[in-house]
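2 protein chains.
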Amino acid sequence: MSLLSALSIVCGLMLHVCFSADYTRYTVPRKTVPLQNEQKLFREEGIFNYSTMLMREDLGVMLLGAREAIYALDINNISLRKAAVYWRVTEEKQRECMYKGKQAEVECRNYIRTLHTLNDTTMYVCGTNAFSPTCDYLTFANGQLRLEGKQEEGKGKCPFDPFQRYSSLMVGSDLYSATSINFLGSEPVVLRSSNLALRTEFKSSWLSEPNFVYMDFVGESFDSPDGDDDKVYMFFSENAMEYDFYSKVAVSRVARVCKGDMGGQRTLQRKWTSFLKARLDCSFPEPSLPPIVQDVFLLKHKDWRKSVFYAVFTPQSSLSQVSAVCAYSMSAIRDIFNEGKFKTPVAVETSHVKWVMYTGEVPVPRPGACINNTVRKMGMNRSLDLPDKTLQFIRDRPLMDEAVRPLTGGPLLVKNGALLTRIVVDSVLALDGQRYNVMFIGTENGYIQKAVNYAEEMFIIEEIQLYENPEPISILRLSSSKGQLYAGSEFGAVQMPVSNCSRYETCVDCILARDPYCAWDFSTEQCSSVNSLSSSSKAVIQSLKEGDVSQCPQPDPVAAVDFALIPGNNIQLSCQLHSNLAQVRWRFSEQTLHSNHKYYIYSGGLLILSASKSDAGLYTCDSVERINGRTYNRTVAVYHLQLYSGPAVGDGPTPG
Amino acid sequence: MSLLSALSIVCGLMLHVCFSADYTRYTVPRKTVPLQNEQKLFREEGIFNYSTMLMREDLGVMLLGAREAIYALDINNISLRKAAVYWRVTEEKQRECMYKGKQAEVECRNYIRTLHTLNDTTMYVCGTNAFSPTCDYLTFANGQLRLEGKQEEGKGKCPFDPFQRYSSLMVGSDLYSATSINFLGSEPVVLRSSNLALRTEFKSSWLSEPNFVYMDFVGESFDSPDGDDDKVYMFFSENAMEYDFYSKVAVSRVARVCKGDMGGQRTLQRKWTSFLKARLDCSFPEPSLPPIVQDVFLLKHKDWRKSVFYAVFTPQSSLSQVSAVCAYSMSAIRDIFNEGKFKTPVAVETSHVKWVMYTGEVPVPRPGACINNTVRKMGMNRSLDLPDKTLQFIRDRPLMDEAVRPLTGGPLLVKNGALLTRIVVDSVLALDGQRYNVMFIGTENGYIQKAVNYAEEMFIIEEIQLYENPEPISILRLSSSKGQLYAGSEFGAVQMPVSNCSRYETCVDCILARDPYCAWDFSTEQCSSVNSLSSSSKAVIQSLKEGDVSQCPQPDPVAAVDFALIPGNNIQLSCQLHSNLAQVRWRFSEQTLHSNHKYYIYSGGLLILSASKSDAGLYTCDSVERINGRTYNRTVAVYHLQLYSGPAVGDGPTPG
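First to last, the protein sequences are chains A and B. If you're matching positions, the first sequence starts at 4 in this note's numbering and goes up one per residue. If you're matching positions, the second sequence starts at 4 in this note's numbering and goes up one per residue.
Keep in mind the hints are simulated off the structure, nothing from the lab. Fair warning: this is a prediction, and the values are worked out from it, not measured in the lab. You may find that some hints are simply not true.
[Unchecked claim] Derived EDC-like pairs (lysine to aspartate or glutamate); straight-line CA-CA distance at most 20 Å: (1) A:K251 <-> B:E405; (2) B:K105 <-> B:E95; (3) A:K251 <-> B:E71; (4) B:K485 <-> B:E41; (5) A:K206 <-> A:D247; (6) A:K96 <-> A:E71; (7) A:K251 <-> B:D404; (8) B:K96 <-> B:E71; (9) A:K344 <-> B:E352; (10) B:K251 <-> A:D247; (11) B:K251 <-> A:E245; (12) B:K251 <-> A:D404; (13) B:K309 <-> B:D226; (14) A:K105 <-> A:E190; (15) B:K251 <-> A:E289; (16) B:K206 <-> B:D404; (17) B:K344 <-> B:E364; (18) B:K309 <-> B:D391; (19) A:K485 <-> A:D61; (20) B:K206 <-> B:D399; (21) B:K43 <-> B:E471; (22) B:K380 <-> B:D391; (23) A:K251 <-> B:D247; (24) A:K251 <-> B:D226; (25) B:K309 <-> B:E459; (26) B:K262 <-> B:D388; (27) B:K85 <-> B:D123; (28) B:K485 <-> B:D77; (29) B:K251 <-> A:E405; (30) A:K85 <-> A:E151; (31) B:K251 <-> A:D284; (32) A:K262 <-> A:E151; (33) B:K344 <-> A:E352; (34) B:K541 <-> B:D435; (35) A:K251 <-> B:D435; (36) B:K548 <-> B:E465.
Take these sequences, add in the hints, and give me the full structure.
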């Protein structure tokens, strides 16, 4: 009985901890894929913080920014380094930084945080440079990476603090950046560095201790009937001004500015006249403090109105371990900014302020709007022409009254356990001619969750381990054309394909995986990538929404493995299920077994304790998986236990 | 290797779940005491919901109210039933209740919720009576329990809904109750049923969807220099009115009324003129929604000003599993009610209201104050004499501006895992002449946490399992004089002693337990209850704050157990530590062992995999426990592994 007692001691103690919370409400990945041996990994000894990436498919490289190094890696295999350039802090800079109270070996280094394309061969790059942000030009030509050494001022373009969240974007030759503009990190700014530099007003109603996470460009001027302008959207969290609570509360925001903004003439001189923000709602099923946006991905559509922002949220309080993904339609965000009501501060009893819906008259042109045909007809062609009352209004009221609601009313995905950190989304054309949006979500313990929403049901196809040690994924990039995903962390960069259909060896496995990238090909008898199928392939099936395996051939019966029964010994029969969503069922002579004093059923198999003669016979291990309310059973292993009559032996033999 | 693989499969899967959260910040009980065989338990077949208790130490019984039954149990051993009386709903009542949409077999029954002492032999008892609350008189005489059958109206005295939280208190012959007064549970009330019945105003600023959890009496008139009145304090949670958030937020409150209150003459006629409430603060170290008060215990002091309320809080959101205990001094609560500022509602933009600190002039006499000498000197001897402006003020402003802060600034105890449900506190006189307040806290999985605070350090002496199945403890009572604790749940009532010193067998065990009830007696060589020591006992030690074992005799060296080593076998050496706070250390020939391919160290012992000749020798298992920054090592087991040269055997032998 020693094995049982050992198991029960270990389990007993863990169960005590494990099952105090209820995990059943949360999405569980169907398959857990452990670290692969043939992984494409890049890291260099002594270099850390691989957290900035720039995809240059045109040059065949992925540019990777780390601490004091920039690499050009083969985009098809990032473990192949094509070039590298190092940008170290000078001793003087490091000393200065140290004198100001920062840690020499950690903070007073140069962390590459900005990498943008300027033209065919040139990139713009910024680093924290020992709390003295600096930018430079980087060329990749003739297989060489070269820094031009221009040492431009990086204040406002790149954070001082290497660990502060930050976002930036290059539009043409204009750099949009959202960060802190001072050493202490106390002066947040959304800045456009261009011939006509623009920035946010330094007012807590504009930005209050923000954490910027994402920025993207939407070409709304394209085909616009009302002559609208292009816009830059940004996502961040900040202290709520609209709530009144017993402690500070953070909220998530989306904000936008117009590309053509030139600031005001008298009011809002060299400041955005088009900075508008709204709360992002992603309510959990449970009451909680507002969840905090951590990363966003814009899934672009040809018609920009149909583009969708996917956002990852984590709890504001570390008491909770529940993350979520919410999706927002471009048009819902646009409607709130273009047509929504504003919030306005109201003084209460001299010392308090309450933000309520503004119900008074809104000036014309509408505050915060871009210059469009209607405004031009009024004789105003630039934001410089806007009247003071429009500008004063928006200066004091940048917050919209209404929050942006998720596309689906609530979270697309709610997950307990390791927090989600980053997201990218791929739009996949499946055999049925439909597109499915597959989300790849990085976690704080180095996994990727690959998830898809089938008719309101969230399904995590796989969770894939990317790092040997549990380290947070700090950047995630997708090359949809290459079918590759690139992730970065403190200790290295990793590449993985968006799918690995060969993981599924049988037709049933392939169909139950419900992976839109994969289909079962009857001609080759393989689970193959939909992309790789020749157009002539007709004997190919997928069943994404239903997971219906009825078209698969009946699997061959599992051959029984003979197994010796030595009376008095403990016998271990192993059985590994193919899915985390399946339940195991053990049968002995058609009777279903349950854990008790005689049997111990665990995830890896069945233990028969102190076996006796009467235990001889046929044991069957079935996997029972529910898909869409239907149950699918299949036999995974069969053992034939036969009384052993040979000489005495030590430990009982164990198969598998 | 089969054992290791089984262990690692089980552990691996669990660790994945278990160690995603960080449990180290939370208090861990030093000892886990599993269910005892000789437990004193009371339950009757077919009877459920043992949730009301009345201690009658004068009659030698504990009165226990359940669903449709009341028992008189021997207070020294509740498994001995002295009498019982059944109070079932009539078929007609049950039918009526069912017609109104309630579940016949669950809700339409009579749950005893109220049990109070009226005089030497008579109790007042109320039950939900199929959503038609009814009260009666109960006598215990000549070993018989008898209901008088008076069937008094129970509306407002007892809830309609058997599962709604509720609190009541008998003061003389006046019943104070806090519950809902209507079938729907939508009209909350704090009621005094007496010759002059008084109740709360039905206004959401007074009570907004409250959950009443506790009520107690404080005799503040005793020795009062300013002729103050006695008071009834009550604890509950309700919807916050002072916050403005994106969803409803509940807050915890303490409120009080004056015993002598008679209502107002015109304003607040037959309503409390002294109902004041304040927010209870028990801030977790993490940002979160306000935690919710679940139970309170008043640790009374001779000088009522030094009495302390102990309160259990659980999270508002089920996303979190972190409970806390906060303590509040009577005088802090009194100061806020007697001298604090009020909150006042301010209209904002017609449709909003914001509650802010009232800064205007406060009428005299002070609104909400009891009638005291100063007021009497003004010619007002009863609340009926109070002027309208005082009464109108308090009718509209029952909430104090300031929250009551915990005695120690923050929680006394923060615990992750199964939620805390109920609390009682015992003041224990230790050998050093000091009193220590020992908390007994029930949990939702049927355990009692026995905890004490030593110089700002929270220490959970033991967690004791009271129920075989994990069921929530719904009531907890203490008889300090008997040294007994009584707990109730859905399925039964259980009694346990406040301490069981004999659990600790050696001097070192006894001292390290740091239990103020227990001391090591050198004369008897036993860990004994401090109460049971004869006053002449001098050779007795305790070391509560330090856990210093230096006065204990050096323990005898642990005898080595001989153990046969059969090459190729797995060998399991067991070693059970005495404390959850201790780490295990295994040594082999003075080298410390670690888990690797050869050794597997788990909480129950050491596994040597596929042993070989060179593994022969001496193995020592040490317990390493940190107390107050000091480390205490002791050897728990020693094994002498010797090469076995006898005939071949099956499973390896296993000690312990």
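These are the hints, each one checked on the structure:
1. Distance check on the hinted pair: K251 of chain A and E405 of chain B sit about 17 Å apart at the alpha-carbon level, within 20 Å; holds.
2. Taken as a hint, the K105 of chain B and E95 of chain B pair is honoured in the structure, with Cα atoms around 14 Å apart against an allowance of 20 Å.
3. Proximity of K251 of chain A to E71 of chain B is assessed by CA-CA distance (about 49 Å); at most 20 Å being required, the pair is judged violated.
4. With a C-alpha separation of about 18 Å, the suggested pairing of K485 of chain B with E41 of chain B holds against the 20 Å cut-off.
5. Between K206 of chain A and D247 of chain A the alpha-carbon distance is near 19 Å, which keeps this suggested pair within the 20 Å criterion.
6. At most 20 Å may separate the alpha-carbon atoms for a hinted pair to count; K96 of chain A and E71 of chain A meet this at roughly 14 Å.
7. A C-alpha spacing of about 18 Å is found between K251 of chain A and D404 of chain B, which places the hinted pair at or below 20 Å, so the restraint holds.
8. Proximity of K96 of chain B to E71 of chain B is assessed by CA-CA distance (about 14 Å); at most 20 Å being required, the pair is judged to hold.
9. A hinted pair counts as satisfied when its Cα atoms are at most 20 Å apart, and K344 of chain A with E352 of chain B qualifies at roughly 15 Å.
10. Proximity of K251 of chain B to D247 of chain A is assessed by CA-CA distance (about 12 Å); at most 20 Å being required, the pair is judged to hold.
11. A distance of roughly 15 Å separates the Cα atoms of K251 of chain B and E245 of chain A; the hinted pair therefore holds under the 20 Å criterion.
12. Of the pairs offered as hints, the one joining K251 of chain B and D404 of chain A holds, with about 18 Å between alpha carbons and a cut-off of 20 Å not exceeded.
13. Distance restraint check for K309 of chain B and D226 of chain B: the Cα-Cα separation of roughly 14 Å lies within the 20 Å cut-off, and the hinted pair is therefore satisfied.
14. For the given pair, K105 of chain A sits about 19 Å from E190 of chain A by alpha-carbon distance, which is consistent with the 20 Å threshold.
15. Our distance criterion of 20 Å between C-alpha atoms is met by K251 of chain B and E289 of chain A, whose separation comes to about 11 Å.
16. Distance hint between K206 of chain B and D404 of chain B is fulfilled; the C-alpha atoms sit about 19 Å from each other, no more than 20 Å.
17. Pair hint K344 of chain B plus E364 of chain B holds up; C-alpha atoms about 11 Å apart against a cutoff of 20 Å.
18. Pair hint K309 of chain B plus D391 of chain B does not hold up; C-alpha atoms about 35 Å apart against a cutoff of 20 Å.
19. The straight-line distance between the Cα atoms of K485 of chain A and D61 of chain A is roughly 12 Å, inside the 20 Å bound, and the hint therefore holds.
20. This hinted pair checks out: K206 of chain B and D399 of chain B have alpha carbons roughly 9 Å apart, not beyond 20 Å.
21. The suggested pairing of K43 of chain B with E471 of chain B holds, with an alpha-carbon distance near 13 Å, which does not exceed 20 Å.
22. Proposed proximity of K380 of chain B and D391 of chain B is supported: the alpha carbons are some 18 Å apart, at most 20 Å.
23. The straight-line distance between the Cα atoms of K251 of chain A and D247 of chain B is roughly 12 Å, inside the 20 Å bound, and the hint therefore holds.
24. For the proposed pair K251 of chain A and D226 of chain B, the alpha carbon gap of about 44 Å is over 20 Å, so the pair is violated.
25. Distance restraint check for K309 of chain B and E459 of chain B: the Cα-Cα separation of roughly 19 Å lies within the 20 Å cut-off, and the hinted pair is therefore satisfied.
26. This hinted pair checks out: K262 of chain B and D388 of chain B have alpha carbons roughly 16 Å apart, not beyond 20 Å.
27. With a C-alpha separation of about 17 Å, the suggested pairing of K85 of chain B with D123 of chain B holds against the 20 Å cut-off.
28. For the hint linking K485 of chain B to D77 of chain B, the alpha-carbon distance of about 12 Å falls within 20 Å, and the restraint holds.
29. For a cut-off of 20 Å, the pair hint linking K251 of chain B to E405 of chain A stands: about 17 Å separates their Cα positions.
30. Taken as a hint, the K85 of chain A and E151 of chain A pair is honoured in the structure, with Cα atoms around 19 Å apart against an allowance of 20 Å.
31. Distance restraint check for K251 of chain B and D284 of chain A: the Cα-Cα separation of roughly 15 Å lies within the 20 Å cut-off, and the hinted pair is therefore satisfied.
32. With a C-alpha separation of about 29 Å, the suggested pair K262 of chain A and E151 of chain A falls outside the 20 Å cut-off, and the hint is violated.
33. Note on K344 of chain B and E352 of chain A: the hinted pairing holds, with a Cα-Cα distance of about 15 Å set against a maximum of 20 Å.
34. For the hint pairing K541 of chain B with D435 of chain B, the CA-to-CA distance comes to about 12 Å; that is within 20 Å, so the pair holds.
35. Distance restraint check for K251 of chain A and D435 of chain B: the Cα-Cα separation of roughly 45 Å exceeds the 20 Å cut-off, and the hinted pair is therefore not satisfied.
36. Note on K548 of chain B and E465 of chain B: the hinted pairing holds, with a Cα-Cα distance of about 16 Å set against a maximum of 20 Å.
Comparing the model with each earlier hint shows violations of hints 3, 18, 24, 32, 35; every other hint is respected.
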